[in-house]
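Asker: Line order of the protein sequences matches chains A and B. Quick note: the first sequence uses this note's numbering, first residue 41, plus one each step. Quick note: the second sequence uses this note's numbering, first residue 41, plus one each step.
In short, the hints are calculated from the structure, not lab data. One or more hints might be untrue.
Straight-line C-alpha distance at most 30 Å; calculated DSS-like pairs for lysine-lysine [said to hold, decoys possible]:
#1 A:Lys83 <-> A:Lys99
#2 B:Lys70 <-> A:Lys83
#3 B:Lys83 <-> B:Lys70
#4 B:Lys99 <-> B:Lys83
#5 B:Lys99 <-> B:Lys113
#6 B:Lys163 <-> A:Lys99
#7 A:Lys113 <-> A:Lys99
#8 A:Lys99 <-> B:Lys113
#9 B:Lys70 <-> A:Lys113
#10 B:Lys113 <-> B:Lys83
#11 A:Lys163 <-> A:Lys113
#12 A:Lys70 <-> B:Lys70
#13 A:Lys99 <-> A:Lys70
#14 A:Lys83 <-> A:Lys70
#15 A:Lys83 <-> A:Lys113
#16 B:Lys113 <-> A:Lys70
#17 A:Lys163 <-> B:Lys113
#18 B:Lys70 <-> B:Lys113
#19 B:Lys70 <-> B:Lys99
#20 B:Lys113 <-> B:Lys163
#21 B:Lys163 <-> B:Lys99
Rough simulated footprint, nothing fancy, chain B against chain A, three-plus residues with beta-carbon under 8 Å [said to hold, decoys possible]:
#22 69-80
#23 87-98
#24 106-118
#25 133-140
#26 147-155
#27 161-170
With beta-carbon atoms standing in for the labels, derived distance ranges [claimed, not checked]:
#28 A:Gly166 <-> B:Ser153: 50 to 58 Å
#29 A:Lys163 <-> B:Glu50: 21 to 29 Å
#30 B:Gly109 <-> A:Gly166: 44 to 52 Å
#31 A:Leu162 <-> B:Gln167: 44 to 52 Å
#32 A:Thr68 <-> B:Gln154: 49 to 57 Å
All C-beta atoms in this analysis are idealised placements derived from N, C-alpha and C, irrespective of residue type, glycine included.
There are 2 protein chains.
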Amino acid sequence: MATNDRWLREINWSQDGLVPAIAQDAETGKVLMVAWMNREALKATAESGAAVYWSRSRKRLWRKGEESGHVQKVRSIRLDCDEDVILLEVEQVGGIACHTGRANCFFRRLEGSQWVVTDPVLKEPGQIYGADGGDAPGKGGSAE
Amino acid sequence: MATNDRWLREINWSQDGLVPAIAQDAETGKVLMVAWMNREALKATAESGAAVYWSRSRKRLWRKGEESGHVQKVRSIRLDCDEDVILLEVEQVGGIACHTGRANCFFRRLEGSQWVVTDPVLKEPGQIYGADGGDAPGKGGSAE
């Protein structure tokens, strides 16, 4: 059966062949994280029903939760008006989206002229990815 | 009085000096839109309390609502774990964030292999920006 990929061609991919993808928690409405997708990642996300991103630092597909178990089950995939941003409504397995062990990646808020941490670490990264950090997304300073 | 800009230096700006900024509705939790900010735009957003973006198509600061009146009053500014995405919690004046006249920009949902429009136009762009389109953000095919 031929696959109809027309919907993928409707995306305005960047020169690098990427678009930002926002993961939003289906229950709480919180914005959990932003990562990048290429054509293959978006297709894999749609087909598998779980979020797959493109890791710019590791230069490969990144099946969210492949190391941590913190899979994102995808309830819907949305596209914005100029076809260059994806919005995923997800069920965040384990309740932790961020590689720092927090519920979400936006854990700092600007107060005056300072970024203040407002959200607690729920699980230490060493416990999530193994004592040596494994090839945790955070290794190398990137959340990917 | 010297301004403390250290918080701006903590951002991981892209090679183009930009970061994506998500605007989320403070009331509904809906993700309204994504645009881009440079250093000046983020600083202006923090100082003015209203969202200011960088228009990549027009190559100038874009004070959201400058044409449409659909200003975004900023309640909080958040930063993600790898310091390269901004999340704004906003009060959307007029209830319309998208240049298409919809409440938000993510008005298409993937169903099977088709993008399906799920959200209505609340006000025709011609009524928002003037009959000739003015220099509406949408002109030229960009949401900026």
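Asker: Decide, hint by hint, whether the structure agrees.
Answerer: Comparing the hints with the structure gives:
1. This hinted pair checks out: A:Lys83 and A:Lys99 have alpha carbons roughly 17 Å apart, not beyond 30 Å.
2. For the suggested pair B:Lys70 and A:Lys83, the alpha carbons sit about 24 Å apart, so the restraint of at most 30 Å is met.
3. Distance restraint check for B:Lys83 and B:Lys70: the Cα-Cα separation of roughly 24 Å lies within the 30 Å cut-off, and the hinted pair is therefore satisfied.
4. Under the criterion of a C-alpha separation no larger than 30 Å, the hint pairing B:Lys99 with B:Lys83 is consistent with the structure, at around 17 Å.
5. This hinted pair checks out: B:Lys99 and B:Lys113 have alpha carbons roughly 23 Å apart, not beyond 30 Å.
6. Between B:Lys163 and A:Lys99 the alpha-carbon distance is near 43 Å, which puts this suggested pair outside the 30 Å criterion.
7. For the hint pairing A:Lys113 with A:Lys99, the CA-to-CA distance comes to about 23 Å; that is within 30 Å, so the pair holds.
8. At most 30 Å may separate the alpha-carbon atoms for a hinted pair to count; A:Lys99 and B:Lys113 exceed this at roughly 38 Å.
9. Annotation: proposed proximity of B:Lys70 to A:Lys113 holds, straight-line Cα distance about 19 Å (limit 30 Å).
10. About 15 Å separates the Cα atoms of B:Lys113 and B:Lys83, which keeps this hinted pair within 30 Å; it holds.
11. Proximity of A:Lys163 to A:Lys113 is assessed by CA-CA distance (about 20 Å); at most 30 Å being required, the pair is judged to hold.
12. Proposed proximity of A:Lys70 and B:Lys70 is supported: the alpha carbons are some 9 Å apart, at most 30 Å.
13. A C-alpha spacing of about 28 Å is found between A:Lys99 and A:Lys70, which places the hinted pair at or below 30 Å, so the restraint holds.
14. Taking the CA atoms of A:Lys83 and A:Lys70, the gap is near 24 Å; set against the 30 Å cutoff, the hint holds.
15. Between A:Lys83 and A:Lys113 the alpha-carbon distance is near 15 Å, which keeps this suggested pair within the 30 Å criterion.
16. Between B:Lys113 and A:Lys70, the direct Cα distance comes to roughly 19 Å. Compliance with the 30 Å bound is thereby established for this hinted pair.
17. Annotation: proposed proximity of A:Lys163 to B:Lys113 is violated, straight-line Cα distance about 34 Å (limit 30 Å).
18. The suggested pairing of B:Lys70 with B:Lys113 holds, with an alpha-carbon distance near 15 Å, which does not exceed 30 Å.
19. Distance check on the hinted pair: B:Lys70 and B:Lys99 sit about 28 Å apart at the alpha-carbon level, within 30 Å; holds.
20. Between B:Lys113 and B:Lys163, the direct Cα distance comes to roughly 20 Å. Compliance with the 30 Å bound is thereby established for this hinted pair.
21. For the suggested pair B:Lys163 and B:Lys99, the alpha carbons sit about 27 Å apart, so the restraint of at most 30 Å is met.
22. For the segment 69-80 of chain A, the proposed coverage by chain B is satisfied: 5 residues have a C-beta within less than 8 Å of a C-beta in that chain, meeting the threshold of three.
23. Counting residues of the segment 87-98 of chain A whose beta carbon lies closer than 8 Å to any beta carbon of chain B gives 0, which falls short of the minimum of three for the stated coverage.
24. For the segment 106-118 of chain A, the proposed coverage by chain B is satisfied: 3 residues have a C-beta within less than 8 Å of a C-beta in that chain, meeting the threshold of three.
25. With a threshold of 8 Å between beta carbons, the proposed coverage of the segment 133-140 of chain A by chain B holds, since 3 of its residues qualify and at least three are required.
26. Coverage of the segment 147-155 of chain A by chain B holds. Counting CB-CB distances below 8 Å, 7 residues qualify, and the rule asks for three or more.
27. For the segment 161-170 of chain A, the assignment as covered by chain B is violated, since 0 residues bring a beta-carbon within under 8 Å of that chain's beta-carbons and 3 are needed.
28. The hint said 50 to 58 Å for the Cβ distance between A:Gly166 and B:Ser153, and at roughly 42 Å that hint is violated.
29. Our hint of 21 to 29 Å for A:Lys163 and B:Glu50 holds, since their Cβ atoms are close to 25 Å apart.
30. Checking the proposed 44 to 52 Å range against B:Gly109 and A:Gly166 shows it holds: the Cβ atoms sit about 51 Å from each other.
31. Checked against the given bound of 44 to 52 Å, the beta carbons of A:Leu162 and B:Gln167, roughly 47 Å apart, stay inside it.
32. For the hinted restraint 49 to 57 Å between A:Thr68 and B:Gln154, the CB-CB distance of approximately 29 Å leaves it violated.
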